[in-house]
Amino acid sequence: MFIAAMIGILVTMALALCRALLGPTVYDRILSVNMFGTKTVLFIAVLGFLTDRPDFLDLALIYVLINFIGTLAVLKFVTYNDLGADPEEQNRT
Amino acid sequence: MTEILDIALLSFMIVLAIAVSRMQNLFMAAMMTGIFSFLSAIVFTLLDAVDVAFTEAAVGAGVSTVLLLGTLSLTTREEKIVKKNNALALLVVLITGSALIYGTLDMPNYGDPNAPVHQHVADRYIEKSGEEMGIPNIVTSVLASYRGYDTLGEVTVIFTAGIGVILLLGHIWRKEDEQ
Amino acid sequence: MRYIFMSIVAFGTWLLWSGHYTLEHTLVLAIGILSCAFVVYLAGRLSIVDEEGYSIHLIWSLALYIPWLIWAIIKANIDVAKRILNPRLPIAPRIVRVTGTQKTDLCRVIFANSITLTPGTVSLDLDEEDIVVHALTKEAADDVQSGDMDRRVTTALEQ
Amino acid sequence: MTIVDILSWICLIPGCILCMIGGLGLLRLPDFYSRMHGGGITDTLGASLVLLGLMFQGGLTMVTVKLVMLLVILLLTSPTSTHAVGKAALTSGLKPFLGNPDNKGKNEHD
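Residue numbers (my numbering), protein chains in the order written: chain A, 1 to 93; chain B, 1 to 179; chain C, 1 to 159; chain D, 1 to 110.
Simulated from the structure, these hints should not be mistaken for laboratory data. Heads up, none of these hints are tricks.
Computed cross-link-like contacts, DSBU-like style, restricted to lysine-lysine with a CA-CA straight-line distance of at most 35 Å:
{"no.": "1", "chain 1": "C", "residue 1": "K103", "chain 2": "A", "residue 2": "K76"}
{"no.": "2", "chain 1": "B", "residue 1": "K83", "chain 2": "A", "residue 2": "K76"}
{"no.": "3", "chain 1": "C", "residue 1": "K103", "chain 2": "D", "residue 2": "K87"}
{"no.": "4", "chain 1": "D", "residue 1": "K95", "chain 2": "C", "residue 2": "K75"}
{"no.": "5", "chain 1": "C", "residue 1": "K103", "chain 2": "D", "residue 2": "K95"}
{"no.": "6", "chain 1": "D", "residue 1": "K95", "chain 2": "C", "residue 2": "K138"}
{"no.": "7", "chain 1": "D", "residue 1": "K95", "chain 2": "C", "residue 2": "K82"}
{"no.": "8", "chain 1": "C", "residue 1": "K75", "chain 2": "A", "residue 2": "K76"}
{"no.": "9", "chain 1": "A", "residue 1": "K76", "chain 2": "C", "residue 2": "K138"}
{"no.": "10", "chain 1": "C", "residue 1": "K138", "chain 2": "D", "residue 2": "K87"}
{"no.": "11", "chain 1": "D", "residue 1": "K87", "chain 2": "C", "residue 2": "K82"}
{"no.": "12", "chain 1": "D", "residue 1": "K87", "chain 2": "A", "residue 2": "K76"}
{"no.": "13", "chain 1": "D", "residue 1": "K87", "chain 2": "C", "residue 2": "K75"}
{"no.": "14", "chain 1": "D", "residue 1": "K87", "chain 2": "B", "residue 2": "K80"}
{"no.": "15", "chain 1": "B", "residue 1": "K80", "chain 2": "A", "residue 2": "K76"}
{"no.": "16", "chain 1": "D", "residue 1": "K95", "chain 2": "A", "residue 2": "K76"}
{"no.": "17", "chain 1": "D", "residue 1": "K95", "chain 2": "B", "residue 2": "K80"}
So these bits of chain C aren't anywhere near chain D, every CB distance computed over 10 Å:
{"no.": "18", "residue": "S7"}
{"no.": "19", "residue": "Y41"}
{"no.": "20", "residue": "A63"}
{"no.": "21", "residue": "Y65"}
Note that CB positions come from ideal geometry on N, CA and C, so glycine has one too.
Could you build the full structure based on these sequences and the hints that come with them?
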């Protein structure tokens, strides 16, 4: 049962990877990287059940958070071209 | 059954590695390395090395992507195209790679109970660390106590590297402030 | 008060994940308490401990709103999935403006997030009155402009 | 095959199919803004169904608590990051594809 779910998630990862490689704009690629991260989380969750040891879910939890923060950091870099930029300040000037 | 997963993940990684090396846009390359470390963390999980996977997730996908982006904001986003004959470099890479693969031939099989790693102190750690340390995670007690001096050395190295980075980058920031 | 609340939540989470419920390992417990205190101190320095992080009163009203949201999400998912699979079904991407009647920032964010969470509509930008929404189809755009979701967020959460 | 297994199947398989449809949408839809909707499918119902199916297998244990936390965090963060990507694209001036003829004059944002 879990192997079917696993293959489904792998196919989705492959599709996201295609979009990341093709993607004409930067934002397409960021979107697919973000989706790839979500699929990684699902993959690890299912993997824990497949190998009968679902203790590895902590790893999936960490991944969700890292994926979110990573996406925001990348977007901040794309928008302001500087990770230390203060958005409020940018709006004022 | 997990062989299928291994093969699929490793082929994803090969595709990504080729894409990263062919890509002119450095920003995209940084994003692709982020995906790459996600994939390698999954492979570590498949190999039962959950602690390594934790580190890979935090350092590979999190910190190093941010560091690469920080570096990019100090330089340009496009790679400078160098037209040069790289035959020598390819040769070196091939020789190193084949030497490494030759080295793996001597290694014991994955999960082999007779491997030297499983014959040494591992049994004692597994049996005693619970009552000696009172920490459920054996790897933590090995790193922080049994091999404490080793870890202290590693921390010193990382601390020194951090100071070096701060000295290098802090110089640039100070200049910007003065201007 | 907020700090006490936050410390309790942080320590509860720590207890839940660590699995040390007894006083057997005093050292580990002490380290847990210290790290929670450190997190609360850092949050205080970042000044992110404000009214919004302390809105327990919303839990009951959210319990009324979330089932409806889940149903809306399921419907929208099936619709978008059909449109992706069947090329004959038309997609007509468009950008519309939706007026949100919420007063507090938190409720506006909940409304915008609900719009994004429903496939077929994504909120692109927020300003003082309006939310700019990108909709995949005419039906989705009409649906979000009819103000049904807006009314539900306002009545459920702002009474 | 117990009733729990059947329930897991009922959740897992549609979840995976929805994920794949979302991935297909990510490839097939014409422009960036439409692709966001494709990604949205996999993030909401696809991921929720897969995690729900795993919860049935986990039973009333710590595992299920972790899965619930995972689901809550996923549902809180995914719209936020989708919105952030969309907003960044909008501020950078990426023009949405408005291909259908019945759209003319209705594009209020321009």
